[in-house]
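Engineer: These are the residues of each chain, in order.
Number of protein chains: 2
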Amino acid sequence: MAKLKEFAVTPDPDDHRLVERVTGIDHEGNEVTATVTVERPLTLYLNAQEIVTMMTIGDYPEYLAVGYLVNQNMLLADDEITGIDYEEDIETIVVRTEHQSDFEDKLKKKTLTSGCAMGTVFGDLMEKFDEIELPASTRIRTSDLYRLVKKINMAPSLYLEAGAIHGCVLAEDDQPLIYMEDVGRHNAVDKIAGYMRINGISGDDKIFYTTGRLTSEMVIKTVQMSIPILISRSGFTAWGVELARQADLTLIGRARGKRFLALSGERRIEFDADADVASDEPGRQSRKGANRA
Amino acid sequence: MAKLKEFAVTPDPDDHRLVERVTGIDHEGNEVTATVTVERPLTLYLNAQEIVTMMTIGDYPEYLAVGYLVNQNMLLADDEITGIDYEEDIETIVVRTEHQSDFEDKLKKKTLTSGCAMGTVFGDLMEKFDEIELPASTRIRTSDLYRLVKKINMAPSLYLEAGAIHGCVLAEDDQPLIYMEDVGRHNAVDKIAGYMRINGISGDDKIFYTTGRLTSEMVIKTVQMSIPILISRSGFTAWGVELARQADLTLIGRARGKRFLALSGERRIEFDADADVASDEPGRQSRKGANRA
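Residue numbers (numbering that gives the first Met the number 0), protein chains in the order written: chain E, 0 to 292; chain A, 0 to 292.
Just so you know, these hints were derived from the structure itself, not from any lab.
Hints are not guaranteed to be accurate.
It does not matter which identical chain is used: a pair holds within one copy or between any two.
Here are the simulated DMTMM-like cross-link-like pairs (lysine to aspartate or glutamate), alpha carbons at most 25 Å apart as the crow flies [what the hints assert, rightly or not]: (1) Lys-2 with Glu-87; (2) Lys-150 with Glu-27; (3) Lys-127 with Glu-49; (4) Lys-4 with Glu-160; (5) Lys-257 with Glu-79; (6) Lys-150 with Glu-171; (7) Lys-257 with Glu-27.
Use the sequences and the hints to build the structure in full.
Structural biologist: Structural data, given as structure tokens:
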């Protein structure tokens with residue numbers, strides 16, 4: 000497919016289904032109106048099998064559904080998707096495949112014994128995780144990293160509009176390509192994974208950016224997408240670091256202004272920027288956690 | 000039981016099982032050592048039924064296990080707990096009840112038809128949610144709110160030690176009583192719910208504080224604990240606000256320094272503080288999201 004443009008896909012801060020205006024009072028007791036993020040349920044089926052009900056802002060349901068199945072290893076590389084039916088009124092989405100998937104089969108067997116297949120699925124995930132080899136030659140220049148993070152922070156977003164939301168970005172060099180936001184950071188990741196699967200985008204030469212913490216879950220999903228570099232403005236967990244080292248994933252956290260910390264795969268980083276010229280975060284670039292005051 | 004003291008239960012920032020020291024490089028390529036939060040799996044059984052594997056920092060597993068079951072409505076008020084067996088080496092915890100619980104029965108029935116009982120459980124939760132009446136007479140004075148938030152921000156914590164963690168506090172007036180932290184905010188809430196169940200603490204005259212966002216999940220859990228006032232330094236989601244209004248929960252968000260925003264149950268707030276004297280957040284009080292730079 001053709002090369003993706005900068006910000007080829009983004010959330011739409013003007014989409015009135017995604018935010019709501021509500022009234023309340025402020026700390027002085029004055030009536031005020033606030034903008035808040037909408038979350039709504041979406042129940043996902045794989046063929047006839049009910050899989051999960053997710054809470055989501057509701058944009059890009061097709062990407063979310065496919066990405067969830069891919070990242071849970073329920074939809075394998077050779078499973079052909081024959082249809083995706085989203086029914087907005089009943090908050091349901093059905094992903095159809097040509098053949099009943101291996102996962103549905105496993106789920107049926109498993110339910111006869113213990114009721115919920117999540118244990119099996121997790122075991123499968125880790126098995127696949129161990130097999131993935133991330134490309135060793137992909138690099139990230141610190142000058143690109145600084146430009147990339149600045150572009151992401153300056154982009155119009157639901158975060159700037161209403162707060163209480165996480166963002167994820169699929170990037171290449173200093174270019175943010177696909178930008179997704181959602182109430183849970185796992186949904187934002189899944190929407191990007193779904194976009195990549197449906198549009199046949201490879202992760203090999205890409206960079207993944209998230210506003211959320213670098214947990215084991217985030218590391219596993221990034222590796223599953225074959226993306227060799229993961230960046231966050233937030234911190235690390237110990238298991239996230241351990242899994243990243245195991246998979247040889249470049250893990251960069253606490254990336255704010257000119258600062259960052261790399262705890263795995265450091266050799267993919269090229270220090271070509273003078274850290275002194277990268278600005279510290281002023282004004283609109285600053286992002287105080289998952290909300291704004 | 001006797002009245003709880005301030006910070007009767009807190010995380011232990013000196014517990015070496017909770018944080019790890021790892022080495023990496025900083026933005027100038029210099030070797031640095033960082034402190035990161037530990038997350039580990041804990042598989043929960045209710046009697047012989049495997050329920051879920053949670054990722055947790057691992058302190059207070061008994062409170063986490065019982066709180067999870069209570070908040071998922073799997074352990075009802077009249078279910079008697081006869082034992083809690085935590086096996087640290089195999090990362091497993093078993094909660095035993097005198098009789099097989101109503102939930103296990105439902106789970107068995109449900110698995111015969113669709114494989115995972117989470118839909119049923121959610122339906123049950125909402126049914127119970129609609130029945131709960133929160134006490135109308137509990138009040139929060141703004142002077143207490145300012146003192147409470149200040150005490151919480153100044154307390155020693157894993158957040159200050161390693162970042163990438165959420166905190167929750169059970170409070171009364173201006174007193175933080177039970178302070179829990181965990182990699183997921185739902186775990187921190189569940190640990191408090193477990194403490195309350197095991198020690199017979201009523202939520203009626205209490206206040207709940209969280210560093211996380213005011214989502215539907217957080218509102219449902221607070222209402223389930225019969226706590227009439229929920230405060231966060233983070234923002235709101237629309238469904239969180241809607242459910243809070245439905246349950247007549249006092250919902251205070253974006254609470255930083257002297258500022259806050261109340262979007263539900265405003266009448267429980269008594270404006271007795273001069274907002275001008277409440278300090279804005281300086282230095283150590285400030286908490287930049289779920290990590291520190």
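Engineer: Hint by hint, say whether it matches the structure.
Structural biologist: Hints, one by one, checked against the model:
In this assembly of identical chains, Lys-2 and Glu-87 lie within 25 Å of each other by CA distance neither inside one copy nor across copies; the values are 31 Å within and 51 Å between. With identical chains, the CA atoms of Lys-150 and Glu-27 are at most 25 Å apart between copies only, with a shortest distance of 22 Å across copies and 36 Å within one. For the homomeric pair Lys-127 and Glu-49, the shortest alpha-carbon distances inside one copy (24 Å) and between copies (24 Å) are both at most 25 Å. With identical chains, the CA atoms of Lys-4 and Glu-160 are at most 25 Å apart within one copy only, with a shortest distance of 24 Å there and 41 Å across copies.
Proximity of Lys-257 to Glu-79 under the C-alpha cut-off of 25 Å is found in neither arrangement, the shortest distances being 44 Å within a copy and 56 Å between copies. Taking the shortest Cα distances, Lys-150 and Glu-171 sit within 25 Å of each other inside one copy (13 Å), while across copies they are farther apart (44 Å). Taking the closest pair of Cα atoms, Lys-257 and Glu-27 come within 25 Å of each other only across two copies (9 Å); inside a single copy the shortest separation is 38 Å, beyond that limit.
The structure fails hints 1, 5 (numbered hints given earlier, in ascending order).
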